[in-house]
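Construct the complete structure from the given sequences, taking the supplied hints into account.
Residue numbers (our numbering), protein chains in the order written: chain P, 703 to 988; chain L, 109 to 431.
Everything labelled a hint here was simulated from the structure, so no lab data went into it.
Since no wrong hints were added, every one of them can be taken at face value.
So the derived list for chain P, only partly shown, Cβ under 10 Å to chain L, looks like this:
hint	residue
1	Thr783
2	Lys789
3	Ala881
4	Ala886
5	Glu892
6	Thr906
7	Gly907
8	Val935
9	Ile940
10	Leu954
Ideal Cβ positions, reconstructed from N, Cα and C, are used throughout, including at glycine.
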Amino acid sequence: MAWFKRKTDGSEGKASRVHIAEGLWIKCDSCKEIIYRAEVERAGRVCPKCNYPFRISARERITLLADPGSYEERDTTLETTDPLAFKDTKKYRDRVRAAMQKTRADEAVVCGLARIGGLPAVLCVFEFGFLGGSMGSVVGEKLTRAIELAIDKHVPVVIVSASGGARMQEGILSLMQMAKTSAALQRLGERRLPYVSVLTDPTTGGVTASFAMLGDVIMAEPRALIGFAGPRVIAETIRQPLPEGFQRSEFLLEHGQLDLIVDRRDLKETLRRILAFFADQPSQPG
Amino acid sequence: MPDALDFEQPLLELETRLATLQAQEDSPRLREEITKLEERLERQRQKTYASLTPWQRTQLARHPKRPHARDYIRVLFDDFIELHGDRLYGDDAAIVSGLARFEGQGVVVIGHQKGRDTREKIARNFGMPHPEGYRKALRLMQLAEKFGKPVLTFIDTPGAYPGLGAEERGQAEAIARNLREMAGLRTPIVAVVTGEGGSGGALAIGMGNRVLMLEYAIYSVISPEGCAAILWGDAARAPDAAESMKITAPDLVRLGVIDAIVPEPVGGAHRDWDGAAAHLRAALRSHLGDLASKSGDALVAERYEKFRRMGAFEEASRPRAGL
Ligand SMILES: [Zn+2]
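What follows is the structure, encoded as structure tokens:
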């Protein structure tokens with residue numbers, strides 16, 4: 703195998719990151735095509751050449767899914783207390799504040815009430831740019847409050863995940879958010895309120911091993927990395943190369959772990975149809 | 109003392125000297141010397157175990173001679189009948205489970221199982237379950253609920269296995285489902301971290317009405333080695349990571365994650381299995397007794413509130429950021 707081939711393989715394996723340079727043209731990290739930026743923006747940040755969905759912020763995702771002007775954000779006032787007084791090269795609270803400034807989100811998940819194609823729902827969207835979308839106490843609390851709000855308002859829940867998993871800086875408390883959010887979903891299920899889980903690139907670790915895999919319907923964007931353990935950890939454990947496409951959406955669908963894969967441009971309409979089904983509403987929008 | 113840990117070495121030396129003296133012919137002077145040495149050994153022991161670092165506790169929690177689930181099951185229960193398999197795909201030997209009697213009462217027991225010798229370690233996959241293990245555990249929990257029996261779980265795993273088959277067969281889904289189903293289980297659950305509480309792989313059988321921890325057990329979101337590799341790119345700094353992550357039983361009481369610490373014999377459970385089991389028996393008797401009279405509704409509600417409270421944050425009066 704030639705050196706340049708190896709290099710190509712390496713970047714293809716990490717097809718998730720796309721560098722969008724300033725200017726009129728951008729290069730897709732997946733197919734390497736140079737594309738006109740406006741064309742990408744028009745398509746909901748999907749590559750028009752290879753349909754690769756670029757990573758987007760929580761804000762962009764909400765604009766994509768919620769009816770204009772319908773989003774009422776909730777619980778933006780919570781902040782970590784650095785319960786472990788975590789010893790690291792940089793203070794945990796400083797990391798959180800830097801992430802806030804970078805993403806303009808208050809934490810790694812944004813939660814609120816929305817209308818999706820006219821149908822009410824609690825919509826929670828992960829911000830991967832915020833410490834890798836990691837779940838600490840605030841993320842767990844916001845999700846749990848959002849699920850409890852859905853129970854209170856008698857509406858369904860939609861969670862769009864993009865997360866590396868638990869937040870190490872909160873240690874065991876971060877692990878316990880898996881229990882807390884899953885317990886809240888158990889209650890939601892008891893009330894016969896639907897929960898749709900949307901998995902986007904990447905969804906791994908403690909997020910996958912809790913609420914993300916508990917949807918009544920679980921859907922994913924194409925080619926998203928989805929798994930329990932990260933591919934690097936698995937490769938180190940089994941000491942052999944991972945199969946082509948391992949832990950990508952298509953692999954999970956083939957292994958029976960997902961209900962469906964949905965192109966980002968069809969995501970809102972698919973959600974609307976599913977919510978309409980559970981709400982016993984007509985299949986066409988009003 | 110075979111398999112002595114580094115911090116146990118001074119104790120090992122004293123013990124060896126004591127054994128040499130005890131082997132000699134009896135005399136008043138020798139007896140005096142033996143008494144002195146015994147006192148010194150005891151003082152040294154107390155001192156060593158009163159000031160263990162988180163890393164030393166980690167080493168104890170992973171001690172090759174530490175009792176495993178089957179060892180506790182043998183001592184604590186009568187009439188254990190092991191039940192195998194998830195009825196879906198296979199039987200995972202990294203989780204042992206079955207029907208048993210605890211002081212006459214029928215209980216369902218579930219625990220991670222590590223191996224003792226190399227062959228058994230491999231057969232048990234070092235106590236790292238595949239999805240089948242978690243699905244077997246859930247099957248038995250639901251069996252317990254159906255027949256109104258309490259569930260006892262023993263947690264001792266480095267974590268859920270990160271492998272190809274585990275991912276293909278839904279490791280994440282298996283863990284997630286257990287969390288949701290345990291939350292709604294209408295029968296008492298008492299979980300005990302007996303050794304290593306390794307992340308989601310531990311929690312997947314750990315959502316108890318009561319969660320107990322043995323004195324030198326650890327419970328963490330990632331192994332100290334894994335944390336050190338991420339933070340400093342160097343797994344060898346695991347002792348520092350063990351310190352940072354607050355993984356010891358006293359830490360977890362402070363953080364509100366566990367309800368009680370079960371004492372271990374001086375020197376750790378591996379030095380006195382029966383002593384360790386006796387402490388555990390007393391704890392199980394007391395907690396099962398407290399839960400026995402509660403209704404299914406009350407058990408589910410209490411469990412919800414317990415985990416609902418976990419986490420640490422403060423709430424400001426004004427939004428911090430937002431869209
Ligand atoms: Zn492309």
